[in-house]
Structure formats: structure tokens, C-alpha cells
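Student: Put chain B on the given structure of chain A with help from the hints.
Chains as they are written, first to last, in the working numbering: chain A, 1 to 177; chain B, 1 to 434.
Since no wrong hints were added, every one of them can be taken at face value.
Simulated DEER-style distance windows between Cβ atoms:
| hint | chain 1 | residue 1 | chain 2 | residue 2 | range |
| --- | --- | --- | --- | --- | --- |
| 1 | B | Thr-240 | A | Gln-125 | 44 to 50 Å |
| 2 | A | Pro-94 | B | Phe-386 | 21 to 27 Å |
| 3 | A | Gln-172 | B | Leu-397 | 31 to 37 Å |
Chain B is nowhere near these chain A residues, computed Cβ spacing over 12 Å in every case:
| hint | residue |
| --- | --- |
| 4 | Ile-2 |
| 5 | Ser-12 |
| 6 | Pro-50 |
| 7 | Gly-131 |
| 8 | Leu-137 |
| 9 | Lys-169 |
| 10 | Leu-171 |
If you're looking for bench data, these hints aren't it; they were derived computationally from the structure. In this text, a Cβ means the ideal position worked out from N, Cα and C, and glycines have one as well.
Chain by chain, the residues run as shown.
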Amino acid sequence: MILERIAGWAESVSSPLNRWVSWVARIVLFFLMFLTVADIVGRKFVGIIPGMQPVPGVYEITEFIMVLIVFTAVAYAQTRGDHIAIDVLTERFPKRAQHILYTVIYLVSLTISILVVWQSIVYGQYLLEQGDYSGVLEIPVYPFLFIVALGMTLYSVSILINLLKSLSKSLQKVAKE
Amino acid sequence: MSPDLVGLIGVIAILVLFLLRVQIGITMLVVGFVGYWYLVNWNAALSVVGMVPFASASNYGLSVLPLFILMGLFLAYGGLGRDIFQAVDAWFRHVRGGLAISTIGACAAFAAVSGSATATAATIGSIALPEMKRYGYADSMATATVAVAGTLGILIPPSTVLVIYGILTEQSIGQLLIAGIIPGFMLAGMMMLTIYFQVRIKPSMAPTQKQLPWKAKFVSLKKIWPILVIFLLVMGGMYTGFFTPTEAAAFGAFTSLIFAIVTRQFSRKVLTSSLDQTVRTTAMLFLILIGAMVFSRFLAVTRLPYDLTEMIAALEISRYAVMLIIIFSLVVLGCFIEGISIMVLTLPVLYPLILELGFDGIWFGILLVVLLNIGMITPPVGINVFVTAGIAKDVPLMTIFRGIVPLLITMIVFCIILLFFPQIATFLPNLMRG
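So here's chain A without its partners, still in its complex pose (with noise of 0.2 Å):
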């Protein structure tokens, strides 16, 4: 079937992005820990040891960092099957209907999760136009919405290739009857 190749070649392509991807976060929340302890030790420490001071802007920068930490994962989740589903209903049906089900469902899913990433960009241009920082360190906030749009973007391939595959699934079983 072309459409199982496909969805077999998208997978060998956006499996392994989507776990480079995730490095993002894995780096970012370890940065997360020794900038959460160095802001503790600063703030409780200022003026008895000389040259300590709490990090600036902490409040902001671990909020910005849970934006990357959450959408560079969220597609290596899919990949890895960590995402909550149940089947104890599902599995109970005959095989064809499962996966006309499933193609259904994974187009609905679809459509949802593009409509995250087309409404996270609109958000971060808007973002944009009206210069929106944040408050003590400045930084830009509308490329953290380019951020949520990507993960978004990169969960919605995920979800495309399941697609394709019961697609594929389902039009087999027809064939063969």
C-alpha cells in the first residue's frame, strides 16, 4: 500500500526529530533546577555573604522555560505512547471498525491540534505588533507562541502518520473482501 510507505517513511523521519526535539527540554528543565536552587541560595543569603543576590527575574524566566520544556516534548510523548488514551471499549470491536473508528478519531484530533498551531502563530504576530515583554527582563514573549506552534506542529505530523496508517488499515481489509 503507498499510503503505509508513507506513513512509514514520515515515521523514520519524525520519529527521530521529535526525540532530538525533546533534548530542548531535557537541557532547559535541568537549567531549571540550578537556576530555581542559585535563586534560593541568593535571595536567603543577600547581604550576610558578600555578592550574593537572587537571580533576576526568575519568576518570568521559569515560566518561559516551561513553555519549552512542555512543546519540545509534547510530540516525543506522542512518539513514545505516553499520551493517555483508553481502549478498554475499543478493543472489544471487530478489527475493520477499529480502524475506520481510529482514522476518524485521528482526524478530528487533527484538526484540533492545527488549529492550536494556526492560532498560536496569529497570537505571537499579535504579540509582536504590540511589542509585548516581559516585565523585569524584557524578553520578547511572542516567540515562546512560535514555540507552542511548533511542538504543535510536530504533534500534528505524529498524529497525521497514525492517521495514515489506519487509514491504510482500513481500506486494506476492504480490498481483500
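Tutor: Okay, now just chain B, sitting in the frame of chain A:
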């Protein structure tokens, strides 16, 4: 259609999509989006899905999640599970049902550094189950103990579920986590007693071991004192207000890392596996949270939560009767749907009702966790039973579920006690409030 009816249809639509294997977060995103579109308009719905994902992820309060997860994993991959089990076992092995009691104790101790029920069951289970098998414990008792005591992971702080509860209800996360301490250890004690009496009635289930010399007992503690220190520093720091929850979690993760390095249990693999697992779990939780936030915006527009609250308040039946209905529904839902999903789905409706009836928000958080934990050990979707069965591959699921019955009764009794003595949960947080 009245907005209330649209809200109700929305809730039903979510349940249907859940059961058709749509991812939990995506389900709530779709229903929330469509509902918002229907009740408000297309543009407003679009701007919700544009803003909410970013706003949910960049919530400072939620940054506690990955850091607490990381702390537990550093210790788990660093081999702390084995040390904990051996230490608790050294003290309890000569008691009736000693190994099973030690398993519960080890789960409670591990729960004090881990915020996940499945991680607790998996970590302690992989060490305790082979031991119990070796000493001839009944399969049903051994596996049930691991599955049930593992749920302590999200009752005893840190706890991912309580953090999410805190964000959804705008309760203090620090107070919620502290509130879990007394109920968690009390429930652990009640589980231990249950095992003790079970073995008293039927000694063949669990052969008793010889007592260890006192010296060995104290030597075993040497390896686990850091866990006590980390727990006391993290919780004590949060309790006294020295740390925010995020700071406490970062500090806990950092000290756990140092501990692993000092005890030479650290390797690059520990670091990379911990980080890998943490970012995956974080992304998974946040996709659910994003869906939940979109969905709750939609529910707010329907006015369903407020109208339902008013309606029930107007019925003038005893608030305990209402609570019993809530408890019963949550347990039934818990049999079929995974815990965090139930929480994010029901809280927007339940929480205003709880407050209106005069119950304490923090207390309800603790009760909710125990109820969701019951769902984790009951068929057909008992996630902790599946985790346990994954370790003890030769034990049939039915055997585990049979073994769970006495411990399940203990948990139900605990819920009833908690219902009539809310102080168990509210005592410590009230002290914090001063």
C-alpha cells in the same frame, strides 16, 4: 438550547470520546472548542485555543510538577527503592506478614519523595515482589499489597494530582501537599494493620521470618537517612514558608542529585533516563491540563456549574447525603477512567458545589485523591494493578484483584473516617495559615 443543556451535552460528549480512545487532553480541547464556538462565536473560540496552551504552560505554579517528578526519578533510578525496602524490612520482618508490612512501609517512604502512584508501585514492587515470592507469600497478598500501597505515592507529598488539583481550584499548592502528610501515613498504618490481622487469621498466607539482631537494624538505616533529610527539608521548608512549592521541588531534585553522586549511584544513564522520563510525563500532564483549561472556560459560559450548585443547594437535603452521592459517583467513574482525567473533568462542576455545601476545599482534595486511588486498584481499569501485573508476570489479574479486597475495604473505611474527622486533613494546613 439552553446553555445548561449545551454544558450537559458537552460533558456527555467528553465521556463518549474518552471511551472511543481519543486522547484525554484532545477530547477536552475539541469539546471545549466546539462548545465555545456554539455558545459564543467562532472568533472567540479560536482565540481561546490560541491563548490557553501558552497560558497553561507558562503558569509559574505548575513548574513544581517537572521538578518534583525529577526528584523522585533521580532517587528511583539511583537505586533508592532497594535501600528503602531493606531498611524497612529489617525492622518488620519478624512481625506477622512482615514482608508485606515492609512493602507498605517502603511504599510510604518512597511516596515521600515521589509524586506518582505508578512509579511507587513499580519501584518498590520490582524489589518487594521477588522477595515475597522467595519467602512463600501468597501471590494474591504480595501483589495486592504492592498495587494498593503504591497509591500512597500521590497521597503522601509530593503529589502530581494534588498540584493539579491546586491549580484547578486555586487552592494553595503548599497547603494541599502538607495536608496529605497525616492522611497518607495514617492510611499506610491502617493498611499495615489489615495485613497483620489477615495473616493472624490465615497464617499460611505469609510465613514469618526470624528477627534480625539490633545492630543490623540500625545499620540498615544508614543508607536511607538522606530520604528523611530530603523529605524534612522539602516539606519543612514549604510548611514554614521558607520555600515556595517550586523552590522546594527544585531544592529536592538538586539534593537528590547530589545524594546520588555522593553515594556513587549516579551515572550518565541515571541522569538521561530521569530527564527523558520527566519531560515526557510533563508533556503528557500538560496536554491534559490545556484541554482541561479550555473545557472549563466552556463550562463557565454554560453556567452549568452554578445552576447545578444552586439547584442542589435548594433541595435542602443533608450535605452528607450529597457528599455520599459524589463519593459514589467518583468511585464508579474511577473504575473506568484514569484518575487525573476524572479530576479535570468533574472539578469545574463539583468544586463550586463542595464550597457551597460548606466543605473545606483542601479536605476535599485529599478525599478526592483517596477516591481516585480506589479507582486505580479496581477493575476494569486499575492502572496500579496493571503495573504490578507487569512485574509479577506469572500472577493472573484476577488473583491480584481478589487479594485487593481487604485493603480496598480499609481504604473505604478510611474515607468514612476522613468524612467525619476532616481535621485529619485540615490540621496541618490550618496551622500553616496561622
